[in-house]
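Chains A and B supply the protein sequences, listed in that same order.
Going by our numbering, the first sequence opens with residue 1, and the numbers climb by one from there.
Going by our numbering, the second sequence opens with residue 1, and the numbers climb by one from there.
What the hints contain is simulated information worked out from the structure, not anything from laboratory work.
Where hints are given, some of them may not hold.
For chains that are exact copies, the list does not tell them apart, and a pair is met inside one copy or across any two.
[What the hints assert, rightly or not] Below, a list of computed lysine to any residue pairs in the SDA-like style, where the Cα atoms sit at most 20 Å apart:
1. K65 with T54
2. K320 with S303
3. K320 with N244
4. K170 with H397
5. K109 with T254
6. K30 with S17
2 protein chains.
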Amino acid sequence: MPNESINNSVEILCIGSELLLGNILNGNAKWLAEELASLGLPHFKQTVVGDNSTRIKEEVIGAAKRCRVLITTGGLGPTQDDITTKTLAETFNSPLEESKEILLDIEAKMQSIGKPMSINNRKQALFPKGAMVLPNPSGTAPGIIWSPNSSFTVITFPGVPSELKIMWQKTASLWLKKNIGQGEIILSKVLKFSGIRESELAETVPDLMEASNPTLAPYAELGEVKLRITAKARTIEKAEQLLNPVNKELRHRTGLKCFGSDDETLASVVLELLRKKGQTLGVAESCTGGGVGAALTSMKGASDTFVGGVIAYSNSIKQKMLDVPSDLLTQHGAVSEPVVKAMAKGVKKRLGTDWGIAVSGLAGPGGGTHLKPVGLVYFAVAGPESLESKAEQFGAHYGRLGIQKLSVVSSLDQLRLTLLSQGYGHDSIAFKT
Amino acid sequence: MPNESINNSVEILCIGSELLLGNILNGNAKWLAEELASLGLPHFKQTVVGDNSTRIKEEVIGAAKRCRVLITTGGLGPTQDDITTKTLAETFNSPLEESKEILLDIEAKMQSIGKPMSINNRKQALFPKGAMVLPNPSGTAPGIIWSPNSSFTVITFPGVPSELKIMWQKTASLWLKKNIGQGEIILSKVLKFSGIRESELAETVPDLMEASNPTLAPYAELGEVKLRITAKARTIEKAEQLLNPVNKELRHRTGLKCFGSDDETLASVVLELLRKKGQTLGVAESCTGGGVGAALTSMKGASDTFVGGVIAYSNSIKQKMLDVPSDLLTQHGAVSEPVVKAMAKGVKKRLGTDWGIAVSGLAGPGGGTHLKPVGLVYFAVAGPESLESKAEQFGAHYGRLGIQKLSVVSSLDQLRLTLLSQGYGHDSIAFKT
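Build out the structure end to end from the sequences listed, making use of the hints.
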């Protein structure tokens, strides 16, 4: 058994001196590891080396003996220290050939941004003979899927995370599924939760956590907990038969704490709930400074529903642009329930929307007091016939950016729960299984 | 030379299946790498493997041949899958011995948190014969500093970041400085650039890129290019003497394209330029949806300068909240120079600020036309005595989020360049060397 699994195992080799200098976190390795787990591919080793051909070669030669697929990140850019493709070709004594197609594509991309094609950019169109090009829709550096021999394939990605992700999703993951998978279908679904900690969630489902097919794996990021359900079977129907009951049971046990699945976000879920009713939304933001609006507008088609908002960072803007009465500010302070309610009401009225949401809190590091410590944030939702507020104490230890991020999540979640409690989305997205 | 540096080089081996499943980011590797760089110790390789004794042994044997010191993280806890110490002892055929002192210490720690001493905890007091104990002041799992032979030392840390850091700072870093360091200081500085691509930047400084002390390393993220200058010398003064002229030369060659260094961001730089003059700023955002405001308010102390803004996502909000004349919208469309200028003027006037900046563009994926394709974004800056605009064509291939991020960067950069052209920041941040 161990031999069998090693035979289709995948290793990751991250190339870049900036990783060895500790300049950046290796988010690519984490992201790829998660994707490999979801494909059910065995993954036993990750390595980081610098932009050094001797060390890259050493690692590639070692990996070619141990694993079926080596995924590399980094070193595909146009500069002198980008040597991944060249070094791979040298490792397996393969000549480099220029791809006319890719050269034209790079030229077109440079032209579209009004920049000249440099000699260095031209380097990016060179590939080992026989390699398949792994297209890069959002950058100039394509990767390769190359099998220098029949039992070993190397797949290269640039180090830029957004480019790597789109290349993985559009091409590489499909290639792996088709060519490396064991003929088994791997079906997975990620459920997303708010207002619950990873450990609490795990305690809600200890029996399901121990099952072997489907398996459950929890993941947590700041403000969001996820649970991945993965089922394996010979056919898609069989995999669905395994996965669906667990999905249903999880939704049942976690109730409203589960806000969606897979690509859904809190922003997409609230926009969808409002879209179905043809209603509109405006935001009034103090400590988040535009973060709630940015989260909403990161969703395509947000304009159906989201019309805009007011970033009321200073008190004078809260008065001028949101009609918050000055005595409320004097009496209760900007970080208070009465003020955040007035902000939500104000933005709804000024913008003429059906709904208005507001956030006002202390993101720190300064400005906290004993009664109102850093991390205290108030939230309000004003609807056609309701006005509700809540307070959260996130704790100063999250830091300014952490508190801002948690506030964005919490604000959108408050709107979601309010809409659901008022009967929005019945038989829709939030309850689908 | 390569042999010399390999002889005192340090590798990192992170042990933990959770890293291979992509459950967590490898923050320990980044942190340790940065510490090694600051000690001037050469560091060429990082590896991640799971809690598997065969693979751990393989890595340790390889490292013992290549490097002077191997740092491991993880696998020191009390559970069954914590096997680091035992596996190391086996690798070098060393017996394990119980440390009475550590056993008492673990007992005392368990008692202080009201937990009984388990058999598994007892395991944590076992060490290879001859190993020095690396104390863990904040947890039960101590590490070791162990030289199984005269040319190789292994230093073990638990995976918990806070415990690792304190153990490093109190003991391990001092041991390394004394026993491994060559007495060299490493000094580095990161310069940050906007409006230039990584490849263009590299072509501006090919001669400097080839130098060996200081070295230059470029890296790029979406919308930002960085260049790290690293100098090595016997003393901090000597390192500065090497670094400073290169820093100066780089600033000279790149001019206004270099917006700052190290922890500075475009947002912090523009806030600082305005703060020095006691002036205020407001934002009017369409396609960025609040992203410019969020970038500004992510900086602590932003409230001195940034008062707020209007997210004018729909045309009606542009009219209602920013006084954009409806005939401008009809005649030129929302994505146009006249409209973005009116937005910047409008927000400045409505909010009563000294400066107003505005963004309006097509983030896509829908809504593009031949004349106004997805990726076209207009920017304006209204100041006390000026009103300027520009257009950028980022290209649809960046995708919605990419276009939004590039727009935030470009908007802040337009403000920075406008302020500098009007004499703001003379002898200050943007020109310091």
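How the hints compare with the structure:
1. Proximity of K65 and T54 under a CA criterion of 20 Å is satisfied in both settings, with 17 Å inside one chain copy and 16 Å between copies.
2. For the homomeric pair K320 and S303, the shortest alpha-carbon distance between copies (17 Å) is at most 20 Å, but the shortest distance inside one copy (25 Å) is not.
3. In this assembly of identical chains, the alpha carbons of K320 and N244 never lie at most 20 Å apart, being 52 Å within a copy and 49 Å across copies at closest.
4. Taking the shortest Cα distances, K170 and H397 sit within 20 Å of each other only across copies (14 Å), while inside one copy they are farther apart (39 Å).
5. Within a single copy, K109 and T254 get their C-alpha atoms no closer than 47 Å, and across copies no closer than 24 Å, so neither meets the 20 Å cut-off.
6. Within a single copy, K30 and S17 get their C-alpha atoms as close as 18 Å, and across copies as close as 12 Å, so both meet the 20 Å cut-off.
Violation of the numbered hints given earlier is confined to hints 3, 5; the remaining hints are satisfied by the structure.
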